[in-house]
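Asker: Following the hints, position chains B, C, D, E and F against chain A.
Residue numbers (full-length UniProt numbering), protein chains in the order written: chain A, 1 to 252; chain B, 1 to 252; chain C, 1 to 252; chain D, 1 to 252; chain E, 1 to 252; chain F, 1 to 252.
The set of hints was computed from the structure by calculation and includes no laboratory data. Be aware that one or more of the hints could be misleading.
The list that follows gives simulated cross-link-like pairs (lysine-lysine, DSS-like), each with its CA atoms no further than 25 Å apart [as the list claims (entries may be wrong)]:
| no. | chain 1 | residue 1 | chain 2 | residue 2 |
| --- | --- | --- | --- | --- |
| 1 | E | K158 | E | K57 |
| 2 | B | K85 | D | K87 |
| 3 | D | K57 | D | K158 |
| 4 | A | K57 | B | K85 |
| 5 | F | K57 | F | K157 |
| 6 | F | K87 | B | K87 |
| 7 | C | K157 | A | K87 |
| 8 | A | K85 | C | K87 |
| 9 | A | K87 | F | K85 |
| 10 | B | K158 | B | K57 |
| 11 | E | K57 | E | K157 |
| 12 | E | K85 | B | K87 |
| 13 | A | K85 | B | K85 |
| 14 | B | K87 | B | K158 |
| 15 | A | K57 | A | K158 |
| 16 | A | K57 | A | K157 |
| 17 | B | K85 | A | K87 |
| 18 | A | K57 | C | K57 |
| 19 | D | K87 | C | K87 |
| 20 | C | K57 | C | K157 |
| 21 | D | K157 | D | K57 |
| 22 | F | K57 | F | K158 |
| 23 | D | K57 | C | K85 |
Only some residues are given here: those of chain C computed to face chain B with a beta carbon under 10 Å [said to hold, decoys possible]:
| no. | residue |
| --- | --- |
| 24 | G10 |
| 25 | G89 |
| 26 | R91 |
| 27 | V197 |
| 28 | G202 |
| 29 | V207 |
| 30 | Q208 |
| 31 | T210 |
Even glycine gets a Cβ: it sits at the ideal position worked out from N, Cα and C.
Protein chains: 6
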Amino acid sequence: MSDATPRHDGRAIDQLRDVRITRNWLDHAEGSVLVEFGRTRVLCAASFTAGVPRWRKGSGLGWVTAEYAMLPRSTNTRSDRESVKGKIGGRTHEISRLVGRSLRSVVDMGQLGENTIVLDCDVLQADGGTRTAAITGAYVALVDAIETGRAAGHVAKKASPLTGSVAAVSVGVVGGRAVLDLDYVEDVDADTDMNVVMTGDGRFVEVQGTAEGEPFDRRLLDGLLDLATEGCADLTRMQHLALEDSEREVAR
Amino acid sequence: MSDATPRHDGRAIDQLRDVRITRNWLDHAEGSVLVEFGRTRVLCAASFTAGVPRWRKGSGLGWVTAEYAMLPRSTNTRSDRESVKGKIGGRTHEISRLVGRSLRSVVDMGQLGENTIVLDCDVLQADGGTRTAAITGAYVALVDAIETGRAAGHVAKKASPLTGSVAAVSVGVVGGRAVLDLDYVEDVDADTDMNVVMTGDGRFVEVQGTAEGEPFDRRLLDGLLDLATEGCADLTRMQHLALEDSEREVAR
Amino acid sequence: MSDATPRHDGRAIDQLRDVRITRNWLDHAEGSVLVEFGRTRVLCAASFTAGVPRWRKGSGLGWVTAEYAMLPRSTNTRSDRESVKGKIGGRTHEISRLVGRSLRSVVDMGQLGENTIVLDCDVLQADGGTRTAAITGAYVALVDAIETGRAAGHVAKKASPLTGSVAAVSVGVVGGRAVLDLDYVEDVDADTDMNVVMTGDGRFVEVQGTAEGEPFDRRLLDGLLDLATEGCADLTRMQHLALEDSEREVAR
Amino acid sequence: MSDATPRHDGRAIDQLRDVRITRNWLDHAEGSVLVEFGRTRVLCAASFTAGVPRWRKGSGLGWVTAEYAMLPRSTNTRSDRESVKGKIGGRTHEISRLVGRSLRSVVDMGQLGENTIVLDCDVLQADGGTRTAAITGAYVALVDAIETGRAAGHVAKKASPLTGSVAAVSVGVVGGRAVLDLDYVEDVDADTDMNVVMTGDGRFVEVQGTAEGEPFDRRLLDGLLDLATEGCADLTRMQHLALEDSEREVAR
Amino acid sequence: MSDATPRHDGRAIDQLRDVRITRNWLDHAEGSVLVEFGRTRVLCAASFTAGVPRWRKGSGLGWVTAEYAMLPRSTNTRSDRESVKGKIGGRTHEISRLVGRSLRSVVDMGQLGENTIVLDCDVLQADGGTRTAAITGAYVALVDAIETGRAAGHVAKKASPLTGSVAAVSVGVVGGRAVLDLDYVEDVDADTDMNVVMTGDGRFVEVQGTAEGEPFDRRLLDGLLDLATEGCADLTRMQHLALEDSEREVAR
Amino acid sequence: MSDATPRHDGRAIDQLRDVRITRNWLDHAEGSVLVEFGRTRVLCAASFTAGVPRWRKGSGLGWVTAEYAMLPRSTNTRSDRESVKGKIGGRTHEISRLVGRSLRSVVDMGQLGENTIVLDCDVLQADGGTRTAAITGAYVALVDAIETGRAAGHVAKKASPLTGSVAAVSVGVVGGRAVLDLDYVEDVDADTDMNVVMTGDGRFVEVQGTAEGEPFDRRLLDGLLDLATEGCADLTRMQHLALEDSEREVAR
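Bound-form chain A, shown alone:
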């Protein structure tokens, strides 16, 4: 397929879906964002609590962690609840760990001090790219939670717990060409699927590429990394817009 042929939803190969970041979607949480990548909709709630888990007490360091989950009917057909099954699946574990690591990569734990932030990323509707939307939204919720914690006196006035920003996007090989931000239909068809997490200054935090069908060569890998770099830069701009805005909602 030529790179100029539009994708099944009309997008160009290097085009993100409509992205929408709605801050303060919840009343209780110290930070919260409803993030939408097209029809993918993830609720990110950041809970700030003074103090750290026992194994970290007295270290002077804070802690940031994340939990990812999908509502049973976020998907096309209903999935059983993991709470009902009594155990968490491998995919859920994997993504929770990825989101946590990604956010920790931009936190200076010493500057955060002995405080804990838990990011709950619950997928209300899934249409591909839920983990990358989760990371992108959770970063914004994290910023708000830190400021809430600072306002409450738990974070020092002059502390800079954040060393940068972080965003994520998926790229993949669909119909033989590299495309940005796959939706569910493209994801199912993709030969290669890669999730890339990057800092706002363009460095890599995570690169996770998997050949679902054919193994991929170095040239293709390079192309995917180029696309992802561009996509993350776009998302970074939207995160900053959302955070600058005094209002609740920013859309692309």
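Answerer: Same frame as chain A, but now just chains B, C, D, E and F:
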């Protein structure tokens, strides 16, 4: 306290909070409602599938069931996920069973035919009355799911799977007087807490009253039942409005 | 059916089954009762321990809780053990919580002091009404456990940890009329099933009514509450007889 | 200590505690026995069902299995429920397997035909020797269940599913001498503890001896086996008496 | 079968399989042994840690415990992992407890001091006798772990934590005659299967005999005990050889 | 640090540890390999069974899956067993999934036919790189299992179930420079850790890179990919040597 003294949020003792019923909040589910009772916000997704569980096969009867859960940060302080704890708590079990029974009370399983509808009620934000909001919203999602099933040819054209409508409200004794539709602040203070589920024609499906503090006498019980009857009638009207509307959202 | 037509076992509509309360059925427990409502047989063991759970330490308050369970062959056909299944079912959870709340409603935790009483209610044989028998028997075991705790010096000599007594009975609509204390055969047939927990002075602690078939109207609900009030008063008398008796067994 | 010195409860070294076997203690089970070895009290319920587990279907063979459990307050101090802990402990597993193997040792599975018998042995009160009491009582319940199954036409009229009887007793070394049927006080003190399961014709089904303190030599082992042989013979006589009796209860 | 007829693998009835004890098979563990009884191969790792579990703190006593497990493909056909099933089976529990008790029988906990040793016995390949191989190998690993603990200063220089040695072997009745150290083929055929654990000075720690088929009489039991005594004496010699050797491996 | 400075164990930056691949380490498994990368030692057992899981029946396609686990004392300090904890951790899940995907990438499921191969990769000793060693070893075991299945007539004589070979290696940034095949000491220190799975013809199957410390830029990423390509080519050669050899063991 005199019955004329306004409540902490200015409501009269027999006044519901602002109620909002948003249909089709999700794209995939056969029926879906975001229901709001004030700041309480519950996402009700109805999943229609042709066929029934094994134990019901060949009976000619359908099946309707429900699962209730709270997002970890729906509450004031974060709660651990039941999927992470590996088991479902008693309260969750209890409410899931209540929601399921309540909806089954208005379904004619023979008219539904061998089809299954699962109602997932996920609390996105909790401020008291989550189970009654869930029942009230799930009924609307159920209606939509049945019609989706009918459109897909799974429910007979002339079948009437619904024998009526169902709605629910909480009532309680706060500061010595009976009040309708308690929010979290009132719930914590209540001496008696009662959840009442009623059909649209004013009959009882469930009455669950608990003395949290002082046991209550028959006169007080009678007063609570009166208030609940009135509240459920109001909610029934709002459900009908929401269902008549061609648009997505109905607010009180 | 006329109210004068006898029930399938010959009882009048407002007649309890034969009730038997045998105290001190166990040698180790601080209080224990084998309670029988007809063929329903529940062993209630009250364990008194000095001290309270961690979350209650230093409060000066005691704690009372309950666990309900059924032996696998208490029922007509054998059920799997919840220990083997590795999780507790919703019904078990619900009833354990109900029993605990009911007993706490007559305990003054300050008078009890920092002591814990656990009521284990194990159904040895089930023939309807196991939860109401459990509450009725557990109250008697609770009284004995408190006195054992007082004799051991853990409860102050002049303390009055009990604010009253508590008993419970089921009522329901069978064959169109309200009847008291349903056995299993009636329970299966009932359109409405209600469990009522009352204090010895005739006030309500819990009212849990469910329409298994037809929803019920207010007049029927009033009739059920009348019957339950009468039944609980009878059970209260039997509890007092059992407690006054120096011997082990009291039967109606 | 001389062999003539009485034990802490006055028994001779080769004397069983008072044994009581009450048949048909339950109304629903196909066979049931309340067995008492002194203060140890075990309820044995035998559930007969036509058919066998899937892995045995079509084999023409029956299946017999057992589950052992203790009520939380059967012991001196309350133990947590295994259902609440969500897993079965090693000791419970071990004893369930022992009871099952012991009963299977006297069953001709071909004669039983494709029927299943589950023996539930629930300890209502524990004072040492619960597993041996369970085996001894379960055998009697098993006999009754087979006859119930025969009466219902599931077992052939002329079939002989039982190849003999089985009973069990504990022996141990307490204060340097071998004694029969240890109660809890002796069990705690014992250097060696041995459970012996024997058929009615005096052969061994299981021998499980453990040095809790000092390892034991061959002479001591021989003495223990002699005592156990004698004790099992006594129990066999009591089982036969109980089964011959038309009435419900047999005591030693 | 005459006692002179060779067994299916050519062994005499009182002959062990080739036994091989390889010390220090692992680099990290404080003591480790790969023990082989013919094709049965068990990796025994002894982990020494200063300190004891909470319930033993301040007692001055140490603690020794064991965990036994089989790799999924140690057997002829693959078994599911217990970690995947989410629970440990009865057999695994039973054997872990047996190994722990056996090793504790030769440890003077006061001499060990407040230190803990965990013996992990993982079956890499199973061909009968895995639990007896585990005990025999674990003893050697235990000796090494104690010396490692002593070298690290956790065990007093002059302390004697070991009161003797311990070894184990299986015996059984195959084809009507008593044989020593059954492999899998014999185990499947055996009428009686007995595991015997003995100290180096010839006393019994555990005797666990089970009639898989026919119950066994006293004469047969005596014969099995004689064989086991001989077998344990041989294994004791091999353990001592292994421990005397400066090199890593000792084979029979 | 200059690229010429030797690593803590003397290796060059692009040098693998000593690699050893021992085939047929087990007697029962259809394919088995003990693979060693330096002190890392992983036992890979391939179990071939005719037939596929229910969800794949009738598809004509085979199935290949993997389970990874660590023995409790494979590590420096003992870890609790996942079977004892009753749940599998996120890391274990993640690696099991990675190994399964990697091997499936070189299997033509149609050529395999309706047969299942399970790869059990149990880490006997861990010193970094356990997942890459597991993949590298499992491929060899897979080849042997397919041939065993072919010999048994389950795989067609002329079928080519393998489309290529697969191997894996870790690379990382330690002390500022990219190095190949990190051991535990280097892993702990690494700023970036990347696992790369490649086919024998030099294409990528998985690329999983994580910034443990500083995010990494594109140039560094490119360097890591170069190193990994070289390392996988070396491992591919060793796999082929091992498979060509008629003897059991191949070392680098």
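Asker: Against each hint, give a clear statement of whether it holds in the structure.
Answerer: Hint-by-hint comparison with the structure:
1. K158(E) to K57(E): Given pair K158(E), K57(E) holds - Cα atoms ~22 Å apart, limit 25 Å.
2. K85(B) to K87(D): Holds: K85(B) and K87(D) sit about 14 Å apart, inside 25 Å.
3. K57(D) to K158(D): 22 Å, holds
4. K57(A) to K85(B): 23 Å, holds
5. K57(F) to K157(F): Holds, because 22 Å separates the two Cα atoms, which is no more than 25 Å.
6. K87(F) to K87(B): 12 Å, holds
7. K157(C) to K87(A): Status violated; Cα separation ~50 Å.
8. K85(A) to K87(C): OK: K85(A) and K87(C) at ~11 Å, within 25 Å.
9. K87(A) to K85(F): 12 Å, holds
10. K158(B) to K57(B): Holds. K158(B) to K57(B) sits at ~22 Å (cutoff 25 Å).
11. K57(E) to K157(E): 22 Å, holds
12. K85(E) to K87(B): 16 Å, holds
13. K85(A) to K85(B): 11 Å, holds
14. K87(B) to K158(B): Judged against 25 Å, a Cα distance of about 42 Å means the pair is violated.
15. K57(A) to K158(A): Distance ~22 Å between K57(A) and K158(A) Cα, so the pair holds.
16. K57(A) to K157(A): It holds: about 22 Å lies between the C-alpha atoms, which stays within 25 Å.
17. K85(B) to K87(A): 8 Å, holds
18. K57(A) to K57(C): Since the Cα atoms of K57(A) and K57(C) sit roughly 23 Å apart, the hinted pair holds (cutoff 25 Å).
19. K87(D) to K87(C): Holds. K87(D) to K87(C) sits at ~8 Å (cutoff 25 Å).
20. K57(C) to K157(C): 22 Å, holds
21. K157(D) to K57(D): 22 Å, holds
22. K57(F) to K158(F): Satisfied, since the Cα-Cα distance of roughly 22 Å is no more than 25 Å.
23. K57(D) to K85(C): At roughly 23 Å apart (the allowed maximum being 25 Å), K85(C) and K57(D) satisfy the hint.
24. G10: 30 Å, violated
25. G89: 8 Å, holds
26. R91: It holds, given that the least Cβ distance between R91(C) and chain B is near 8 Å, below 10 Å.
27. V197: Interface hint status for V197(C): holds (9 Å vs cutoff 10 Å).
28. G202: It holds, given that the least Cβ distance between G202(C) and chain B is near 8 Å, below 10 Å.
29. V207: Holds, because the Cβ-Cβ distance from V207(C) to chain B comes to roughly 4 Å (cut-off 10 Å).
30. Q208: 5 Å, holds
31. T210: 6 Å, holds
Of the numbered hints given earlier, the model fails hints 7, 14, 24; all others are met.
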